[in-house]
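Protein chains in written order, with numbering that gives the first Met the number 0: chain A, 0 to 172; chain B, 0 to 717; chain C, 0 to 425.
The set of hints was computed from the structure by calculation and includes no laboratory data.
Ideal Cβ positions, reconstructed from N, Cα and C, are used throughout, including at glycine.
Hints are supplied without guarantee of correctness; some may be wrong.
[As the list claims (entries may be wrong)] Derived Cβ-Cβ restraints for the label pairs, each shown as a range:
#, chain 1, residue 1, chain 2, residue 2, range
1, C, T189, A, F106, 29 to 35 Å
2, B, M0, A, F30, 23 to 29 Å
3, A, D66, B, E483, 56 to 62 Å
4, C, K192, A, D65, 47 to 53 Å
5, B, S657, A, D65, 53 to 59 Å
6, A, R80, C, Q135, 43 to 49 Å
7, C, R63, A, A113, 44 to 50 Å
8, A, F30, C, F90, 54 to 60 Å
9, B, V109, A, G130, 38 to 44 Å
10, B, R529, A, A113, 43 to 49 Å
11, A, F106, B, H73, 49 to 55 Å
12, B, G16, A, G142, 41 to 47 Å
13, C, A79, B, I3, 55 to 61 Å
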Amino acid sequence: MIMTRAIMTDMGRCVGCGACAVACMDQNDVFPEKGGTSCRRIYQMEYADGHGAVIQYLSAGCQHCDDSPCLIACPTGAIYRDEGSRANLVDRNRCIGCHSCALACPFGVPRYDADDKMLKCNLCTGRVEAGMKPACVRACAFGALNFDDPNKFQDDKESRYANGLAGAFAKTR
Amino acid sequence: MSRITRLAAKIPGPDTGIEVKKSLCTICDPLTQCGLDVYVADGRIIKIEGSEEHPFNKGALCAKGAANRQYVYHENRIKTPLRRVGPRGSDTFEPISWDEALDVIGEGCVSAKSEYGSESVIFFSGYTKYFRPYLRRLARSFGSPNYCTESSTCFMAMAMAQKLVFGAPGGPDMANTDCLMVWSSNPYHTAHGRGAAIDRALSRGMKMIVVDPRQTPTTSRADIHLRPRPGTDGALALSMANVIIGENIYDADFVSNYTYGFEEYREYASTFTPERGEDLTGVPAAGIRAAARMFATAGRACVMPSASPVVHHTNGVQNYRAVFMLAALTGNYDVKGGNFVEPPSYLYVSGKMKTQEEEFENPKPLSEMAARIGNDRLPVWMEVANGEAQAMLIPEQLRTGKPYPLKCLIGFGMNYRMWPDSEGFLKSWQNLDLIVNTDIFMTDTCRQSDIVLPACTSLERSELRCHAMGYVQLSSAAIEPLYESRSDVDIVFDLAKRLCPDDPLFKQGYRACVDWILSPSGLTVDELERNPGGMFLKNPIMPPERKYKNGARTPSGKIEFKSKILEKYGERPGFESLPVYTPPKYSPEAAPEMAKEYPFILNTGSRLPMFIHSRVNHLSWIHSLRSNHPAADINPEDAKSLNIAQNDDLRISTPFGSIEVKANPTEMVMKGVVHMFHGWGSADVNQLFEWDYLDPISGFPGYKSSLCKIERIGGARR
Amino acid sequence: MAAVEACRGLRESGFCGEIDILAPDDLPTYNPMLVTYYAAGLIDYSAMFPYGDSNEVFSRYGVRLHKRSPAVKLSAAGRAVTTSNGETMRFDKCLIASGASPLIPPIERMSTSRILTIRTVDDAMRLKSALEKKPQRVVVVGASMVGAKLTELFLRAGSDVVLADRADRIFPLSAHPDCSRIIEERLLGTGVKLRFSTEISRAADTPEGLEICFKNDLEPLYADILLMCAGVRANIGFVDRDEIETRQGVLVDCRMESSVPGIYAAGDTAQGTDLSSGAKQIVGILSNARRQGYAAGCNMAGANIEYAGELPHNIVHFLGMNFVGIGDPNCCDRCESMEEGGRFAQIFYRDGKICGANMLDFFSEAGTFKNALRKSKILSNDRSGHVSQAWGNWPDWQNILARMDPRGFMVLRLRSLGQQSNHISF
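So here's chain A without its partners, still in its complex pose (with noise of 0.2 Å):
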């Protein structure tokens, strides 16, 4: 049951608040004046058609992609693929800290310890195998960050713009 669920960001939900990113910190002791760095980042990305300005906010974190650029690039294989949780975790011993995977990940997600290991996201495994949401997940007041199938999530949310676009469509009627 657990082997389908991903961390999904709702981009038209997500107000960038910025709860995730600190709570994910909170959860896993993470303190930047130590060199650390929180598991997600917020984007505030700001669209302008000549007409007016769209503003979305995004939390991005570790995708834990199927076909995963970072690890491909790894070349000691410590990044790994955990087959119960589906998480893509990191070998701390294998870990060599060449940064390759910081080249290779479109989000820009890997960070790196005080002894050069990569950091990133683990799915908050413990919390998810005793029942809780991760970290991030639970703290989003807007439904922005979701722990579900990402196939389940992606048709919620094409009904849910369906129906929005169909009701825009007849407010302007």
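Once you've looked at the hints, dock chains B and C against the given chain A.
For chains B and C alone, kept in the frame of chain A given last:
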């Protein structure tokens, strides 16, 4: 799963020894608090989460609340009571015992009382708010009319505007409305529980109009976003009224039966055609028309006001009166789905229960005491606000000693940077004999004080809160107070022993006082303590609709388009009985000469999601979200035309001062406006205001619109 | 590595026939990049072999492995390959994934024992034992990524290190001269000596140690160890250049197929599309080898998988600094640089379009940048033209990323909120 894994993942249970304690977050105080699950191991907090059963936050937290652990254990905590040993402001203190500190304060207040009268002692509450009923009683019991709070710059003026129109303020009934008009608020970044409630209402089909100069997550969800220039809200509301009246889509029955002054109002509004509105506000006339029609015809509609954005203008109360009149015009006052009136229960919140808070707070009538601070300048405040003094007038009275001298300032969570011309306010402190501040952290205000008392955080004590959804909570202490810190309430009760030893309720202690306050509700401390995570009321009070039919609580007994209270002050500029629109004192319209040199509108304190005033600026978790280097938000086009790039050093100047900050161009900001967050020690934007840049009705500072110029430090870019 | 991925591609695409692999030695598949890490003691011997002893992976894919049987002749027309044992094997489809060998400059050599190359498992063993002896004087020839790691290794071991290159600077293929200069300044600060714009002409054992002479009459150097890491050359000596189109490597299309149908190449032998210039280049990067190998395998099995190519990119983490090179700095006609808090970044343009970047201590945004650039190059070479309109002297970093967004929005700003410790804040 092994115990080691569970410990590492902070899973509560007997095997890990991790316990979950129920508490409340009061880092911010939007009048509705978030419930906390505090994970505690060996008496130490190891993780914070929102309480899932709590009806406001439903398990979620904001970035500030999620940072509670860092807040509690931050090294800047004040550890013992302190007494100043060097000159004021020299930041030289010695630790003293609680008894000694309290005795010094007690003796200082008592001797000021005997020499100058009890009114010479000011009791001030900044954040948090939970101890206020007790502090107010302390002031009153001691005999001082000068109890005041941060409500001198927040919330109260909005309530005054509503009281002047309706008599009794009404909150937006979001659960039942068809159209929510959010007037300058962004709950997605300030009170996430309210944002989530808007999301739920939108998904059931509620329409939303948002009035906000900025672009925010709230505006992006709106059906209509009106973007007026700061400080022009009154003109916008009057233009909407013009459309609603002109197109005859107002509630004629309500207006003719239950309102006062409609004809004069109609006549005045008739001059605010949408085209003129566009001219005055910058909002396209078509947008004004569309919003007016939607608000008037959507079914039930309501106004969601904000605590400070609209009233932080020199014309703030008049502007907000004009806004609230739209609810009156459309008959949306005191009905389900409109601005519904529920009597306040406790700590400003209408919690569907009855308490004796007001009786508790006022053991002696104000009439037996001297006039409050601000009495002469702010007669409407004295008549309409809730009995507090207007703290914005403290500096003037300190400087002049008129009408009577002020000698002691007993602050709880006081921050002198809340005042305009903050440094000038600080200078006036030389006329005080005793300055006390109680705080969690050693703030700049503490450094300027004579006695500093260490308060504990909300996680180290309990507090009573009620919520609009009929939920009441007496939280538990998750851990013992750190160091020698104490709860503010304990400090108030210890001071009571010295300032008003004969007070019959103080003598019985805190629990007895809470029981006394709660007695009309049938609740007791014992029962609440058995439910530390809070409980729903068994019999929530659901008031009827249209209570104004029995007479509104205004002088005319009706909803007032023309204020009978303001009429008394003789139609002076700013005190007009109709909601007359006057541009902000320092605006391109009202001060064109000044605007030539200072072409930008300076707007301070618009909320950012990770900050609440200066309360969490010192936490590394927080400034990992936004640098702790003060930065001004400016429009990208303005940045481009001034050749300013991201993170450039900027100087913001007004005729009264200048500060140096970083540049942060963002589309959130409209062209021509500079948004500067307040409360930074290294760049205190409130220095850029005169001390008396105030709304004449409320005494609120005009923080959300003045004029400024910005320039890149180091000259133009190559 | 490319070969293993090709086997996976073959089998995952449903190929049921026989697979034979010709290996030059009897070692399992190893990763040449790990040689310096093994020598430094950061990994065990076994960790140099990401597939372990390779038996498991080859048996999983049903592969016949021919150890110590390197190909010596490939006949494309005859569909046959001859091994060093004289055996000739026929094939239907063939993948050339024979890797690369160190390039040894033509020097007059009077010793071999003190001269080391850095590529193979044997090299790794020699390097490790050389390092354990803590030599006093070390000369590294080749200011490449490997050269940088070697410099770090021997500096940490207490050696005096001279880093030499025929080019005029460090990382000549991936760093802009401005960036090189900053790195060199830092290197000089650690006590490394630099000898650029010169080539070794002679190396001979003398009583004082290995005497290393340079062209253009520089003083000879005396060293205990000479490390050669002046680049690699594709192992394609067995390929008939008249039959199969080759330059530095075997020219392949986006399906990894050579000019002769049925013959494919992947990894360090394959000269595929370099996305930064659009030209055919060997891009010797592990992930590129794996992706090329997989695509080749699938296509050999009859699938039709296109691999768009790769941007040359490198990241090297050494002596407390972190250098990222993306694209080719030598083909830009303009660049923009920025320095903040000791960090340095540069974006290269050609014809108004971004063609690469250098980043020093700026790794956190490197992957985002590289992938965005790669995507924009794949989707449209015009997309990154937007960048030239960026405002300000230094258009902020993520602004540029955002402008390359392939979704077609005109993006004004994309900004990370904070993350002070690892970002330049925007």
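*asked:* Output the indices of the hints that this structure fails to meet, ascending.
replied: Failing hints, ascending: 9, 11 and 12.
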